[in-house]
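Peer 1: Using the sequences and the hints given, assemble the complete structure.
Residue numbers (this note's numbering), protein chains in the order written: chain A, 1 to 264; chain B, 1 to 190; chain C, 1 to 758; chain D, 1 to 200.
These are computed hints drawn from the structure, not numbers from a lab.
Among the clues, some could well be false.
Said to hold, decoys possible - Listing some non-contacts, in silico: residues in chain B with all C-beta distances to chain C over 10 Å: (1) 46; (2) 126; (3) 154.
As the list claims (entries may be wrong) - Cβ-Cβ distance ranges computed for the label pairs, FRET-style: (4) 180(B) / 136(A): 33 to 39 Å; (5) 236(A) / 111(B): 32 to 38 Å; (6) 684(C) / 160(A): 31 to 37 Å; (7) 561(C) / 159(B): 52 to 58 Å; (8) 77(C) / 12(B): 25 to 31 Å; (9) 159(B) / 579(C): 35 to 41 Å.
C-beta atoms are modelled at their ideal positions from N, C-alpha and C, and glycine is treated no differently.
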Amino acid sequence: MTPSFELPLVIFTILSQQAIGLTLLYALRTAGRSARPEPSARIQWLASAGILALGLVVSLTHLGHPEGAPRAVIHLSTAWLSREALLFGLLVALMAVTGFLGAVRALVIAAAAAGLVALFVQGMVYAPPSFPAVNNALPFAFFLVTAIILGAGTASWFAPQDRQPFLRRILVGALVAGLLLFLISPCIWLSGGAIMRLTAVAYFASTLYWAHIGVGLILPLLVVLAVRRIPVWLPVLLLAGALCGRLVFYVDTVHSAVNLGGVY
Amino acid sequence: MKKQLGFYVDAKRCIGCFTCAMACKNQYQQEPGVIWRQVYPLKEEIYPHHERAFYSLACNHCEHPACLEVCPVDAYSKRPQDGIVVHHQEQCIGCGNCIRSCPYGAPRFNPVQKRAEKCSLCWQRLDAGLDPACVASCPTNALTLIDLATFADPGAVQFPPGFPKMGRLNPSTRFRQAELPKIIKREDVS
Amino acid sequence: MSPMTKQAMERILENSVSRRSFLSRLLATGALAGLPCGLLRPGTAEAGQVWEGGYQTFRNACPRNCYDTCSIISYVKDGVVKFVEGAPESSFTRGGLCVKGNSYVRRVYSPDRIKYPMEQQGRGSGNWKRLSWDQAMDKIARKILDIKERDGSLLGLALTKYSGNFGITNYGVEGMMSSLGYTTRMVGTPCWPAGIDAQNFDMGSMWCNDPEDLPQARYVIVWGANPAWCSVHSMKFLYAAQEAGAKMVVVDPVFTQTAAKADEYVEIRAGEDCALALGLCRHILDRGLYDREWVTAHSVGFDDFAAYLRDNVTVEWAAGKSGVPIAQIKALAEEFAQARPATIWIGYGMQRHVNGGAAVRVLDALVAMTGNVGKPGGGARYGHLQTWGFNYHAMLQKPPEGSKGWLGASGPKGEFDVSGGAGNAKYADRALNINKTAQEILDAKDPPIRMLWVACKNVLSQDFDRPKMLKAFDKLEMVVAVDQFFNQTVEQADIVLPVTTLFEDWTVNASYWHYWLSLNEQAIKPLHEAKSDIQIAAALSRRMNELAPGSCTFATEIDSKDWMAREFNKDIYDLFGLSSWEDLRKGPAKAKLASSASWADGKFATPSKKYEFRSDLCAKNGHDALPMYKEGRAPYDKLRLLTPHHKFAIHSQFQNLDWMADFNPAPFVYIHPRAAAQRGIADGDMVRVFNKVGEVRLAARLTSDVPPDTLLMYETWYKGLAFNCQNLVDDTSADMGAYKTGAPGVAIHDQFADVARA
Amino acid sequence: MDWNAILIALRDFFSARDGRAMVAACAVMTATGKTPPDRASGLPQAADELEYAFNRLFVGPGVVVAPPYASVYLDPDCRLMGESTRRAAAVYDALGLSSSFDEELPYDHLALELDAVLAFRVLGAQDQSAELDALWHYFLHDHLACWLPLFTAKVMQAPAPLHPEISRAIAFLSAWLAAAIKDLPQESLPMTHQPGGTAA
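Peer 2: Below, the structure is given as structure tokens:
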């Protein structure tokens, strides 16, 4: 099987992670503080819900038969995809409710926790045995880092001034973590089996991979370190970089069937 | 052990003639581009001669099929009586998750129907007392049907080089590996 | 009433009773009268199509000039072939087909098929007009009459036909020509003629053991053949021999798929089979391992041959010529001579050389001197025509009264010619060498070739020196191509006629390798306006006789089934143990053989009635009397070029189908990594292969399957690709072939070329 | 627009065996379709050009650009004489009609299907039977509307510029289909075709 540009999935995962990131960052920066929600809480939460809903709609276009999408939740017993569908459905509702109710603390924590679980489940969907390089916790790690980077970046549009340094620190930390993760993972694959090595080689040979590293991670890191704040345009750059990185994930992660008859 | 049907791929006998793959197309009159059975030449790192040894592979009807596990709409089932993994195409929503998840590339996307499909082990033919089309067509008896419950060839291997080792899935295909003849090369050019 | 669902309507349409009663009220009103329909007509209850019911099965036979000539069962439903299977009755194919046979349905129902007679306005222009059969036959008939009027004979009308459709009734094409008068025939065969002559000189005929006795062999050398690709059903018999303890050795210039399945592969310098075989003979002689008793009782000239070996051959010399190490030659000779029975499968590839006939004679001698001729499990296996004793009713037609032709006797017109030459007729057909078709057309004078009829053949893909063939076509006033697909010959034709597939008309097929006989029933009506070759002949005869009564003796109305039946005779029935051809409807039949071995009784068909190591007949035909070394062709370019058959195609057939393209989308030239490195060529690079004939462009594959001095590409026609290996193959003759087939063979594998990055 | 006349002309066009018949059918379309006769047609040379172009697109002998058979578009395996061919013949049979061409002209050839459309139109005008409506709905929505757009798209994708007469015939065909679908109650819109499942 040759990998293909699964654009709807690229967009869906990125948007959903952005939404979850926003949720996580809200929960993080309000943790331990007064129970009073931020002034723009409602907008933030509705925006999260909207972003996630948009992602879900886009994900439908990936199906050969979108009309059958509601049935996608019937195989919860073993299919991570069913669990993902159910969980993201619940999550979008939870985000919307949280937004409408003005970010009630309990709901915020519930949504953040559900978001984390959803990221894990999503990570499992994309960690099948057919992709040895990512048949592990890496997809979850990639998704979590992406969620936090996008969440911190996007949250800077909504968070009050006093929380901006917190977001900045989180973003810097996440960018550094991401940089290490995305640079080191392929290096580790190089010492793995044939398919892992092929994956590493494909990543390193990909312009998109380097665009993600450069535009999505290094450049934002330098900018934030230099200006010591998150410029208003930075989330757009982060999103573009994340899209590049996700494209690499879908296009260049090598499927074991590609080398049938060859060394695995 | 319960009955579990599978293919025995005898790479020592296989001549890579693609008759099995074409017999499959002949049986199901598939659209161009849709391939249930493919004949994979072994790479030169495994068999040192280009396109001279092959694995004829379709669905491995695994004990724990990845396709079945990951299908969100439960469109796969494993027949209790013989372990055949059946794809119920009418239930398929074309999400591609099985295609992504099967390490052996058995499910394929049908661009016309916009659904996945894969080798059925010709269960309709089996139920009618016939061999699968590919097995029936093999001119060298290199592709045969086995029941793992009774199959007891000590020489057979489950994961030969060139076939991804996926122990958890426990694919039902068994192999005999290709052999090399003694080769006497020309003196005047070597 | 709201519209029904698609599924509900389709359920109604599935069944004739329900669909008829669905609109019964309407039919009762008589509304059907006066409809504006121009194409559809009111149908009666009986008319229309029968769509219901299960499969009907029919017996078919693959007519593709292949060792295996598979017997097919076609499954037909509603008048449409749904799928095919091999016939289980044949112990040779055991219910199997090959990759090509399994694609047949795709061929019949391909939207790409030629559907109607058509005429091209300007050869190669792509400007085609549709013709009715009447119009097409009228144009052709008038042209034939015009030629007759201008030249006083029909020698300006030439036929080139070979084995693209190998049914016995397809010889009606030759019959059609004969029924018009004396014409020009492209005679001979590009396939196997040098070996045929060789075996005729040695044994009096080409006759091989039943391949199903291969498991009895204790030693098998497959020499210059690749059954793993070209006779897939023979492989199981070779395996059975191996499993019973026999050693299988493959001698080939290329590490073929068959070589990969052997116990031992001997890489030989192409064209030096003669030398290696003589070296083996010499060593056997030296070690006294030959069968003294057998050669004394059953052969003539062995002492002369032995003397030749002693005086002219050494193992060292053979090693130097063939590239095979001395020790291996000795080992091979000793093993072969000591195993009983031992056999050699003599391939057609190894005789496509300027010394091919000579090489086959030496291989025959090797088998004979070790006493393996006439033994089950032994034999010099090349081919046979034992099961081809049909009436050739379709072929044997009389020329019209007063026809004029070539003065003097004519030789055979190919290996299947049963007309026995011209007999005592005053005139004969003009025979031109099929293997030099282009040159012969260019050279022919008095009269020139004015019109070419192409049937069962794709001249521009299969004949040699394609650039010259295009020039030859320029000389022709009319080219008629009869075909199923728009191949490179049809592209250059003036008129194309659509011909039926095997499922669409009756015929009968035999094999030149195994001993099974298969009926080919009409399973479906011809699609579009396709006609079979004999139906085309009848249509032409009809028009010829309308325009000029008596100008064609071919029947004007033909029942194909009846014509198929007329091919049978008592000898065939006796040979196969049939009471009627109808018995074949129950499945293919195998000849009742006294022994699985040819020449089992030791009585040969040579003048001496013995195996002739020394053949005066051979000498009389211009060759050496003894199996002797003959020099190969001097290289005319840097690398040897081989263009054998591919597993996905037989000549230009099958590879064009989209199912085949799924597995094999594009051609490659195979180059040894060392030769590639010298030229800076990497795997997958586009390259130019060129020589004095022309050039082709294609991608390179680097592999040590070929030796460093050899290029390999396969002879196939890919839909939509210009690739054609005949741009690199000249028409140099092989040494033998003229005696039995009317023209020498062709040195297809004595070609040379160079390669560079494109 | 006199659709009956247009349909007859389209049928005659797509079943034409030579340039003259094609030109004649085009002339009818010109006269009936109320599009200005903007080009001289009927000249022998023009007829030849039209015929060559027509054959390249629809007839052969080479690989044709747009085979005019429903099964090539509807049957999953893109072949002739497939399931949809069988369905087309069953529709004719239900109407009490049959083709006199048999396999010489596969039953789902465009010209035969247009002939059936004519039959439906005339029968429908005479007889208001619900069954006839249902059958027509099926033939139009579940058959013609599923493949004609794919067919016309293939024609439009032809490598060489389209001959104007062919382009106009295709335009008429598309216009008729659009009008016919509008005329029918919009119970079920023509869906993307979902051919029957394979054996799995």
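Peer 1: For every hint, state whether the structure bears it out.
Peer 2: Hints versus structure:
Every beta carbon of chain C lies more than 10 Å from that of residue 46(B), the smallest distance being close to 13 Å; the non-interface claim holds. Distance check for residue 126(B) against chain C: the nearest CB is about 16 Å away, which clears 10 Å, and the non-interface claim stands. Every C-beta of chain C lies more than 10 Å from that of residue 154(B), the closest at about 18 Å, which supports listing it as non-interface. The hinted range of 33 to 39 Å is satisfied by residue 180(B) and residue 136(A), whose Cβ atoms lie roughly 37 Å apart.
Taking the beta carbon of each, residue 236(A) and residue 111(B) are about 35 Å apart, inside 32 to 38 Å as hinted. A hinted range of 31 to 37 Å for the beta carbons of residue 684(C) and residue 160(A) is inconsistent with their spacing of about 59 Å. Distance hint for residue 561(C) and residue 159(B): a CB-CB separation of about 56 Å, consistent with the stated range 52 to 58 Å. The beta-carbon spacing between residue 77(C) and residue 12(B), approximately 39 Å, falls outside the hinted interval of 25 to 31 Å.
For the pair residue 159(B) and residue 579(C), the beta carbons lie near 56 Å from each other, so the given range of 35 to 41 Å is not met.
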